[in-house]
Amino acid sequence: AQSVTQLDSHVSVSEGTPVLLRCNYSSSYSPSLFWYVQHPNKGLQLLLKYTSAATLVKGINGFEAEFKKSETSFHLTKPSAHMSDAAEYFCVVIHTGGFKTIFGAGTRLFVKA
Amino acid sequence: DSGVTQTPKHLITATGQRVTLRCSPRSGDLSVYWYQQSLDQGLQFLIQYYNGEERAKGNILERFSAQQFPDLHSELNLSSLELGDSALYFCASSSGTGNTGELFFGEGSRLTVL
Numbered sequence: 153a154q155s156v157t158q159l160d161s162h163v164s165v166s167e168g169t170p171v172l173l174r175c176n177y178s179s180s181y182s183p184s185l186f187w188y189v190q191h192p193n194k195g196l197q198l199l200l201k202y203t204s205a206a207t208l209v210k211g212i213n214g215f216e217a218e219f220k221k222s223e224t225s226f227h228l229t230k231p232s233a234h235m236s237d238a239a240e241y242f243c244v245v246i247h248t249g250g251f252k253t254i255f256g257a258g259t260r261l262f263v264k265a
Numbered sequence: 008d009s010g011v012t013q014t015p016k017h018l019i020t021a022t023g024q025r026v027t028l029r030c031s032p033r034s035g036d037l038s039v040y041w042y043q044q045s046l047d048q049g050l051q052f053l054i055q056y057y058n059g060e061e062r063a064k065g066n067i068l069e070r071f072s073a074q075q076f077p078d079l080h081s082e083l084n085l086s087s088l089e090l091g092d093s094a095l096y097f098c099a100s101s102s103g104t105g106n107t108g109e110l111f112f113g114e115g116s117r118l119t120v121l
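As you go down the protein sequences, you meet chains A and P in turn.
Just so we're aligned, residue 153 is where the first sequence starts under the working numbering, counting upward by one.
Just so we're aligned, residue 8 is where the second sequence starts under the working numbering, counting upward by one.
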């Protein structure tokens, strides 16, 4: 069975400081992992994806995530937060070739000036 | 702009009523997915269609139904509405049959049931 756990419901950082949003997954098979971002009153947008190629994945807007199989983690990071990064972030797991996409509960990122 | 269009953006109705939400997928995408997002339940997968046929079913209530038409647009019908159905309903589309996880989301239809 697949599942995904986002370890923090809220994260608050100051502008210019690093961002870390944590995600652990559970999958019986080789998973595909994604991060999506949802800005207020908007739909979700794909930020980055891991599909068994390089373990360090770069996404849009300076975000990246590292797939660590031994830790079953796929944490999202950014070296320096910007005010425009304030949004909700969703970690997603899918069994490759499967039909079910499992969304995490989301982490709301606040960025303070 | 994701290329996925949802109408209406906002809808206010009363308990017991029926509403229809509409989704036009990205040009060329054959798969359409419906999701419900609420504060207490988070993002819940409802149903997926591929080229007019139901492909996968999630936590969709029996009062809800969906279909995908030959022109690939999809409609989600919600009937006998209850207060708890108030939520943001998203449509997403993708190009393939199998789920690659790369979904393109519309901006959602916000349903308020009074």
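Because the hints were derived from the structure by calculation, they are not lab data.
Yeah, the Cβ is synthetic: ideal placement off N, Cα and C, and Gly gets one too.
Any given hint could be a false lead.
Stated by the list, open to error - Below 20 angstroms or equal to it, Euclidean Cα-Cα: the simulated PhoX-like pairs (lysine-lysine) are:
#1 A:K210 x A:K230
#2 A:K194 x P:K64
#3 A:K230 x A:K220
#4 A:K252 x A:K264
#5 A:K201 x A:K252
#6 P:K64 x A:K252
To be verified - Pairwise CB distance ranges, derived in the manner of DEER restraints:
#7 P:R29 x A:S178: 29 to 39 angstroms
#8 A:N213 x P:G91: 47 to 57 angstroms
#9 P:P15 x A:H191: 16 to 26 angstroms
#10 P:R29 x A:A205: 19 to 29 angstroms
#11 A:S182 x P:H17: 39 to 49 angstroms
#12 A:T169 x P:Q74: 46 to 56 angstroms
#13 P:S102 x A:A206: 15 to 25 angstroms
#14 A:L159 x P:L90: 46 to 56 angstroms
To be verified - Here are some chain A residues the structure puts well away from chain P; computed CB gaps all over 12 angstroms:
#15 F186
#16 K194
#17 L196
#18 K201
#19 G214
#20 E223
#21 S232
#22 M235
#23 A238
#24 V244
#25 K252
#26 A265
Inset, instruction - Identify every previously stated hint that the structure contradicts and give their numbers, smallest first. - result: Violated hints: 2, 4, 8, 10, 14, 15, 16, 17, 18, 24 and 25; rest satisfied.
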